[in-house]
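A.B. asks: Chains A and B, in that order, give the protein sequences.
Just add 2 to wherever you are in the first sequence, counting from 1, and you've got our numbering.
Just add 5 to wherever you are in the second sequence, counting from 1, and you've got our numbering.
Keep in mind that the hints were calculated from the coordinates and are not lab data.
Any given hint could be a false lead.
[To be verified] Below, computed lysine to any residue pairings styled on SDA-like, alpha-carbon distance capped at 25 Å: (1) A:Lys626 - B:Tyr151; (2) B:Lys166 - A:Ser522; (3) A:Lys626 - B:Lys111; (4) A:Lys339 - B:Tyr83; (5) B:Lys130 - A:Phe610; (6) A:Lys346 - A:Lys453; (7) B:Lys145 - A:Met511; (8) A:Lys338 - B:Met155; (9) A:Lys453 - B:His149; (10) B:Lys145 - A:Gly608; (11) A:Lys561 - A:Lys333; (12) B:Lys130 - A:Phe514; (13) A:Lys338 - A:Cys242; (14) A:Lys333 - B:Lys166; (15) B:Lys65 - B:Glu18; (16) A:Lys537 - A:Asp571; (17) B:Lys75 - A:Ala61; (18) B:Lys111 - A:Val546; (19) B:Lys145 - A:Arg408; (20) A:Lys339 - B:Tyr151; (21) A:Lys661 - A:Gln685; (22) B:Lys145 - A:Phe56; (23) A:Lys667 - A:Val546; (24) A:Lys346 - A:Asp316; (25) A:Lys333 - B:Leu39; (26) B:Lys145 - A:Lys561.
[What the hints assert, rightly or not] Sample of chain B residues lacking proximity to chain A, with all beta carbon distances greater than 10 Å (derived): (27) Ser21; (28) Ala23; (29) Ser33.
Since the model is a prediction, treat every value here as computed from it, not as a measurement.
A virtual CB, placed ideally from N, CA and C, is assigned to each residue, including glycine.
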Amino acid sequence: MQKEESSSIHNESTNDSIPSGANSVWADVSPLLSASCSDLHEGELIHGDNFNLFAAMSALEIMDPKMDSGMVSAFYSIDEAIESGFAPVPISSDRTVNVESIIDIMDHLLVCEATWHMGHSLAQTVFSCIYVLRPERTSSQALLHSYCRVIRATCRAVVSVVSDARTNEEDDLLTMTYGLPFNGDEDAKGLSLLNAVEETICRQLRACKATSSKRRLLEELEPLQTNPHLEESFCKALLCRIRFRKHFLHTLNCMRRPQGRGFELARKHIASCISELDYVLESAEFLRLDLVENGENEIEERTTASGRHPIGFDSTLNKRLSAPTPPRAIKLLSWKKALGYYVKLLHNLDEICGFSLEPDLDFVLQFVIQFQKSRPDLVSRAHLQLLLVQDGKLFGRDTFLAICARGFGLDVTKDHALQKNEYILQLSQLMINLLKILCANAPWQRRKLGKILNDWSIFRVQMGITVGQAMQQDTSRTPKNGDKSLFILNHIYGWLEEQISWVALRFLMLGFDLELYSPSEYCMVYWYMYIILWKLAEKARFRVLIIVNTEERKAKKNKDYHRDMAREDRISLWVLLLQCQISLSQGLTVMLSALRNQGMCLKSQGPFNTESEKFAQHFELLQKASLPEYDAYESFTESTSHTRLDYLPVYEYFRDAQKIAKDIKVGFANDPDKLAEVRALEQVAEHNIIAVNLISQDCSLKVSFEFTHHPYFASAVVRRS
Amino acid sequence: MEDKEKIDEAEIEYTSYAGEHHLPLIMSLVDQELSEPYSIFTYRYFVYLWPQLCFLAFHKGRCVGTVVCKMGEHRQTYRGYIAMLVVIKPYRGRGIATELVTRSIKVMMESGCEEVTLEAEVSNKGALALYGRLGFIRAKRLHHYYLNGMDAFRLKLLFPKPRVPQIAPQDQTQQKQEIFTG
Numbered sequence: 003m004q005k006e007e008s009s010s011i012h013n014e015s016t017n018d019s020i021p022s023g024a025n026s027v028w029a030d031v032s033p034l035l036s037a038s039c040s041d042l043h044e045g046e047l048i049h050g051d052n053f054n055l056f057a058a059m060s061a062l063e064i065m066d067p068k069m070d071s072g073m074v075s076a077f078y079s080i081d082e083a084i085e086s087g088f089a090p091v092p093i094s095s096d097r098t099v100n101v102e103s104i105i106d107i108m109d110h111l112l113v114c115e116a117t118w119h120m121g122h123s124l125a126q127t128v129f130s131c132i133y134v135l136r137p138e139r140t141s142s143q144a145l146l147h148s149y150c151r152v153i154r155a156t157c158r159a160v161v162s163v164v165s166d167a168r169t170n171e172e173d174d175l176l177t178m179t180y181g182l183p184f185n186g187d188e189d190a191k192g193l194s195l196l197n198a199v200e201e202t203i204c205r206q207l208r209a210c211k212a213t214s215s216k217r218r219l220l221e222e223l224e225p226l227q228t229n230p231h232l233e234e235s236f237c238k239a240l241l242c243r244i245r246f247r248k249h250f251l252h253t254l255n256c257m258r259r260p261q262g263r264g265f266e267l268a269r270k271h272i273a274s275c276i277s278e279l280d281y282v283l284e285s286a287e288f289l290r291l292d293l294v295e296n297g298e299n300e301i302e303e304r305t306t307a308s309g310r311h312p313i314g315f316d317s318t319l320n321k322r323l324s325a326p327t328p329p330r331a332i333k334l335l336s337w338k339k340a341l342g343y344y345v346k347l348l349h350n351l352d353e354i355c356g357f358s359l360e361p362d363l364d365f366v367l368q369f370v371i372q373f374q375k376s377r378p379d380l381v382s383r384a385h386l387q388l389l390l391v392q393d394g395k396l397f398g399r400d401t402f403l404a405i406c407a408r409g410f411g412l413d414v415t416k417d418h419a420l421q422k423n424e425y426i427l428q429l430s431q432l433m434i435n436l437l438k439i440l441c442a443n444a445p446w447q448r449r450k451l452g453k454i455l456n457d458w459s460i461f462r463v464q465m466g467i468t469v470g471q472a473m474q475q476d477t478s479r480t481p482k483n484g485d486k487s488l489f490i491l492n493h494i495y496g497w498l499e500e501q502i503s504w505v506a507l508r509f510l511m512l513g514f515d516l517e518l519y520s521p522s523e524y525c526m527v528y529w530y531m532y533i534i535l536w537k538l539a540e541k542a543r544f545r546v547l548i549i550v551n552t553e554e555r556k557a558k559k560n561k562d563y564h565r566d567m568a569r570e571d572r573i574s575l576w577v578l579l580l581q582c583q584i585s586l587s588q589g590l591t592v593m594l595s596a597l598r599n600q601g602m603c604l605k606s607q608g609p610f611n612t613e614s615e616k617f618a619q620h621f622e623l624l625q626k627a628s629l630p631e632y633d634a635y636e637s638f639t640e641s642t643s644h645t646r647l648d649y650l651p652v653y654e655y656f657r658d659a660q661k662i663a664k665d666i667k668v669g670f671a672n673d674p675d676k677l678a679e680v681r682a683l684e685q686v687a688e689h690n691i692i693a694v695n696l697i698s699q700d701c702s703l704k705v706s707f708e709f710t711h712h713p714y715f716a717s718a719v720v721r722r723s
Numbered sequence: 006m007e008d009k010e011k012i013d014e015a016e017i018e019y020t021s022y023a024g025e026h027h028l029p030l031i032m033s034l035v036d037q038e039l040s041e042p043y044s045i046f047t048y049r050y051f052v053y054l055w056p057q058l059c060f061l062a063f064h065k066g067r068c069v070g071t072v073v074c075k076m077g078e079h080r081q082t083y084r085g086y087i088a089m090l091v092v093i094k095p096y097r098g099r100g101i102a103t104e105l106v107t108r109s110i111k112v113m114m115e116s117g118c119e120e121v122t123l124e125a126e127v128s129n130k131g132a133l134a135l136y137g138r139l140g141f142i143r144a145k146r147l148h149h150y151y152l153n154g155m156d157a158f159r160l161k162l163l164f165p166k167p168r169v170p171q172i173a174p175q176d177q178t179q180q181k182q183e184i185f186t187g
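This is chain B alone, in the form it adopts within the complex:
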């Protein structure tokens, strides 16, 4: 185990998915850290269709974190989806996961996504806090979602609607409640 104090955060390098040589790195990280078993098809499905949404973090040549995502139409909305996010234990708590996921979300937003979703285990306090800070809400709880029987939260981040010039109706009489302003 590496000593937390010895890692200089400036030494962390982030890179976008760049080809087949990155795939074993991603697979071994995810296999180590996440409970669900994924086949190689699952990985290829993501990284070949959306390589621009996959990022890796390196420290002195060693891959220490990764994020894998997708985006597409979902019930009349264009939606991003964060499939896997992993940072190995000695490197946690230094904002690496936040940086990785923020990069993906930015690409999603620029690509026209209206929202981003993902699932996180209800007991994964670290992930829930991270996504909470980024503006995700817990939209649903999914009963026995994981193979290990745990519940999950479906987390959602809604982007603000692009501003369109509004013509305000003159005679709009809206019921307003003045309740708490005393």
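In isolation and in its complexed conformation, chain A is listed as follows:
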């Protein structure tokens, strides 16, 4: 019904080689089309409730190469491609050429796999290879056959981890397999076959390196290929590629068993993968030899080490499988970039395996934030998410009640009634959602964090009413005599505000990562960060008091009790770090508003709206969650409309930040990540102190802001105009 134009389809072109499916048959649509055409005049459009923008955008124009996925194909079917000799078995009767070609296929498959991980469809990447699509054809060719089987098993493992994690809201292509042939049982045997192949090539390598006397003993072993001068290099080039594949699949499998020795083993496999990748990279020098002679120089963009085009790949083969959207034009990564991708992925996986699985929320949140700094890709993020949340528990082991209670030094393992408390159940769900969101890609993460702020704040209000009423009824007021569960619920209620502020701060900071703020908006962003940081520090300070109190009671009760000073110290230090960030936010707000008030920075004003509308848009979600509880814009304008440049040196904010940073560096001596953070804050403070002095003396200077020292706290750059 949506076709409005006469398309020149002629029935005779229907090709018999395209088979109709089990529940479908080919039908001639020409009469229907011409009937519709005679009803519609040029330019007329059918208006229907179900013909919206999405329908209009999804409509395809037949015979337009950008949209008609069936139009440009070398072959109508895989069978046709095979019959035409497109993917011969063996690839060549010349054994040297055969080995060379297999190495090219291995390299190109690595590129395809990485491109798939980066968000393109499996059908158009890994499964564009006929040898992978039809592994049964190569069963006589042990090397190619086992390698393709392992590739398939690896794809299966990756699909499984990503679909289990469900982080794939926006990277949804990764798990779409469109009925591609995954034969689990057969593919699982690939690894043992590949081991046998590796063993044979090892012996071939030993044979070619052996002295002539020993060689006689090994004579019955056929060499890998026919050119004895190249034997050693070919053996090595194959071995590193095979071993990488093996260890990579082992890594993925071991990582699914985090408890026990799973992670320990995974780390060994990861280390092997990385060193094999080095050998793979080295092998390029040998493999590229004949091309260098030919003067080939576009090698950097190629998808194989040799620079040759691989045999047996056609990305148009599965076009009809890659629905529901028109196929994306795929630009494969280069071979070099694909290797880079794997190195990054492996380092990210290693980071996950090295995590101590400490049942402490502060630790977990800090770890996830640190992990996300390198912008890890989907596969490693999916692994992290599966590790953090399993069966509704942290690491599949600790309940979220226990984790939250530990945050203020309480043990709740014996409190079974509390475990079933309605609020605790809801809290667990909120925590699970939060952790999952923190594992998502940064754009998605920010959007979801903005949305859950409202859930958290509604929950806090509801819990506050219930706990408040219960506390009034329970007159004893001390945990010794009163209801211990209520006492814990009350603490959790207090802690919620800290957690909500933490989420809000993360939301604001991610805006810098995603480049959502323009320089004319920095002032309002720092003002808001100041408000949230202040709240967060206040609540964290309160938590330190609770911990001190709890620990003191425990110590009084039991003389031998070993007080957990480490937790107190850690949180106190964190509060000081927040204090340092508060001072920087204040300093930047004052500096930016003074510059704006005196016309040294552009005002945030367009022809259609004012700063007020921008403020409302940027912080709408925070304000919905009552962060803060008063009219934020009014407060912002009041506190920034009178700042002036000549007052700037009077404000000591940057000096305060510098001083705190100096003081707390010692405390973070054993934490390199935090130490780097403090150093960066200190540099921002130092830099801006100098800038403030210059600006206040000379109003003709040009000022801009850059993130040279810290990703979220800007450093002023002053230039003569």
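Position chain B relative to chain A; hints supplied.
C.D. replies: Here is chain B on its own, set in the frame of chain A:
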């Protein structure tokens, strides 16, 4: 390529979409300049439902730029949407795009839109600067938004709320923070 110096800006004529004869002009401009493939349905969807939001810029009879938009209800707000904005290369940097889009936004505002949105590629510095000057903020980043794998920004322009007479509550005690005024 035409020499930038030779184009007299006063010679640029702007016109509202006036019928089927404008459609091929719009399609060829967009096809040339934007990365996404659009079917003829997409164009007709926009220009037939909202011809008043579509404008074209001509120089000596040649179409050099166009803007295509829509408006409608979106989650309880009445929202304008800028679908396509194109000015061909030799004519860029002369305010033609700003003029085109400003005309559309004015019609949207007069028609009661509360906000205007669009998507722009994160690397499209020119478009981002243009919309930034008009008061758009970058509300979201959209991961792998385009078929070519690029991210996009969702840009948003919020119009000021129409003024309604306010009755100020006398006893309103609001928490106010006097922090930076010294």
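A.B. asks: Hints broken by the structure, by number, lowest first?
C.D. replies: Structure breaks hints 1, 3, 4, 6, 11, 14, 18, 19, 24 and 26.
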